[in-house]
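Trainee: Protein sequences, first through last, are from chains A and B.
When we follow this note's numbering, the leftmost residue of the first sequence carries the number 1, and every step to the right adds one.
When we follow this note's numbering, the leftmost residue of the second sequence carries the number 545, and every step to the right adds one.
In short, the hints are calculated from the structure, not lab data.
A couple of the hints might just be wrong.
Below are the DSSO-like pairs computed for lysine-lysine, each with C-alpha atoms no more than 27 Å apart in a straight line [stated by the list, open to error]:
1. B:631 to A:507
2. B:854 to A:508
3. B:631 to B:608
4. A:68 to A:108
5. A:102 to A:27
6. A:507 to A:176
7. B:855 to A:507
8. B:791 to A:176
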Amino acid sequence: MPSNRPITPSSLSIKDLPWQIHWNKDKCTLCGSCTAVCPVNAIELGVFRKRSVETALGINRSSSSVFKVYQGIRQKTDPAYSCIGCAMCTQVCPNDAIMPMKSDEVGKLAYHINQGGQPRRRGGRRNVTGGLLDQIKFIRISMLTDPALDAGRHEFELRTLLGRVLPPEESLAHFKSNGWIPPVREIYPLIIGSMSFGALSPPMWEGLQMGVTYLNEEMNMPVRVCTGEGGCPPRLLRSRFLQYVILQVASGYFGWDEIIHAIPEMKVDPCAIEIKYGQGAKPGDGGLLMWNKVNNLIAAIRGVPAGISLPSPPTHQTQYSIEESVAKMIQSMSMAWGFRVPVYPKISATSTALAVLNNLTRNAYASGLAIDGEDGGTGAAYDVSMNSMGHPIATNIRDSYLNLVALGKQNEIPLFAGGGVGKSGNLASNAAALIMLGASGVQIGKYIMQAAAGCLGSETDRCNICNIGLCPKGITSQDPRLYRRLNPEDVAQRVVDVYLSFDTELKKIVAPLGRSTSLPIGMSDALGINDFNAAERLNIKYVV
Amino acid sequence: MCRLFAITSDTPVSPLVALNALDVMREGHDGSGVGLFLRDLGGAFDEMKDAPILSGIFTKEGIKRLDTFMMNLGFMTKYKISFKLPKNTPEGIPKRDMYLIRAYEYPEEWEGRNFEELGKELMNIRLTLREKGKAEQDMIVFSFWPDVIMLKEIGDPLTVGRYLQLDREDLRARVIMAQGRQNTNYAINLYACHPFFLQGISTMTNGENTAFVPIKEFLMSRGFPGYTGFQSDSEVFTHILHYTLTKLGLGLEAYKHIITPLQGAAFENHPNALLLRQLKQSCRSMIIDGPNCVIGSLPDHSLFMVQDRKKLRPGVVGGRPGQYAFSSEICGLDAVIPDRDKSKDFQPMHLDTAIIGPDRQEIKICHQTDPLPLLH
């Protein structure tokens, strides 16, 4: 370093960065693939000057030193260009000559990633690995007196209900008198949660829809996918495939002009309407689609100008309280589809969830409640919201379920849990644990991106640049040069793979517990955990 | 595993007949306990069909407390069966002060009450006695209902029967259910012993109920005081039947639609598909999921058997007009009704409800895919 090289407060060395590029000169072919593929331009061609000392062997010759030049890879240290660890360089390198490595300490970058006074925003999840769901085991294995069922051969019915279910006496009374019976959908308990058209690239969205359609029409699995807040492509709105779709309305109301106008032309009803009041990744904060991703297509579907950031307000601006939301939005949405479509709110997990739930129990049109825990993912949010805001899903879903049990309404208002399901790859066991804690079903988002499209993001702060449209896999990008990397057919195939394997794994969990005729919602006696306080809190068994 | 035997007969039979059948099937149970349910009684009780009969086990203190309690309510003893027990209690049977079977005269001020009101009161008295007995460990109460006697004890069924000298003329019934019990997941407790009784409805079960906790939570949240106990995971079968018949006003043929609803094409194509969908959805929390064979008795004296969705438990019904029996195993049936037409024996499968009506003339098979009677 020259003695006069300026050192500013934010001057970092490679050691200070969270990810460090390890590059092997011997293997490198200097093909340039890595620098071309790097989504954040963290590496560039470097020209290195190196002195080599040539020691004379004889006494007649004098030693000398020469300066040589070699070309290689240089990692940038400017915070704006710091490596994100996505390892696309490794993926494209023909000789395996390059790989980002995680720093052995918490990088200094965190202190400087707010240049210009703009706090860090990113996509992904809370940067904490593991979680309580992974610790829960299924302990009530049927042995001896009653043998376990056969996951491979017995008949299983693993569907759940989405919609307001009347209590038995009322249900019969309404049936006899031809009264109104709220719409109820029988669906698969693993739902692809809300990821908007805009947050996701066109091939990713198309792949999800195709995969879901295949599961419904070829595999007899009534899987549903939620649109997220970003509207819905016009042709999908007017197709029979809409029945597999849950339309989401959120505080920005993006795309709803198009949806409302399409109602008269809809061939089928949508599966349900989800009203988003909150999101686990950024509770109390609205949706955010940064300008980088708002191209002409996205702008058209959402009914907004292109090239501007689209921050949704934290709350629905026309309403003051959840009571009003329940009274107005759920009812008006129900009315829009002639009371034939279930309408339910989605909130972020919070210590105030019970207040929301209790309110819903008193509203005949409320069809359920989706709760999104702190480990939920997002396409864009402030880092601080993601890391520090929110409530874990396990206790929130358990409290909510037991609250319904106390009211005798546990079968009337289905609870759907989301947020970190399958975070460590244990999708089926996480989902089953939540179901046995009281959820009627679970929602996944990040998991399906990882499993069906190869999303690289992880909770060690890897990649996580979904917000700026530079997704190196083309999953969350709106740039055709990036998203052409993703083939929608391949995504659809993987969606089917994921669901079929999940189905088998779920059977491998419930069959030994002796369950097959109905989804074991609230079967808490099957659960155990080796953490005494967690066991007490969740009202499950403490096992060591 | 448990072993079950139930008999319905034109002429009253001794409970020992059922215990003999259990003994024949002893390889299937461990002799850890026995439960007996007697209805449509013979002997002296035949003349007092309306008098509520209290069945239970009492300590000396307990019987005093019972007498005071019942007298305060205005109940007068009408008739009782006294057991003279041998001095030596057989091994494995606890020593008790008193096995009580006592018919009462209703309090005078109860006159004019309809049966529904009486039923509610009788249940409340039984539950109150049970609570009181739990506190002092001096009373165990099985049933308090007209024309119903119940008896439960720990020990080998036949040994218990002989010890109590049940083969007596004044203890005969036309409907008898008996269970030899192997306790599985829950503590040894007489309240965990089948059959279970609630307001004239009684069932006993072979098998484990794996959906017990959610079902229990659902029943407890119905706000009905009779849905209590839950010392056994099989007790909920009685409660669900009670709920089906009394709260939903449906018939016995709907019971299987509640506990093991149809699936797939059979469900979609059922003539009452719309109704069944309502039932399946709204009664989802009462879907049983274990390997279970349920035998039950209804107030109209009919007897029935249903199997779980996969038919994982043994069960057979056979007999001749005037006398039919349900048994876990054919050898139990052979022991009691050897001279029947065995080709007419029937083993109910996953869709069947086998019913012997009050007339005891035939085995009626109610198939789950059959149309349901009209709702009214």
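Trainee: So, for every hint listed, does it hold in this structure?
Mentor: For each hint, the structure was consulted:
1. B:631 to A:507: violated (56 Å)
2. B:854 to A:508: OK: residue 854 (chain B) and residue 508 (chain A) at ~18 Å, within 27 Å.
3. B:631 to B:608: Holds. Residue 631 (chain B) to residue 608 (chain B) sits at ~23 Å (cutoff 27 Å).
4. A:68 to A:108: violated (33 Å)
5. A:102 to A:27: Holds. Residue 102 (chain A) to residue 27 (chain A) sits at ~21 Å (cutoff 27 Å).
6. A:507 to A:176: violated (37 Å)
7. B:855 to A:507: Given pair residue 855 (chain B), residue 507 (chain A) holds - Cα atoms ~19 Å apart, limit 27 Å.
8. B:791 to A:176: Satisfied, since the Cα-Cα distance of roughly 15 Å is no more than 27 Å.
Hints 1, 4, 6 from the earlier list are contradicted by this structure; the remaining hints agree with it.
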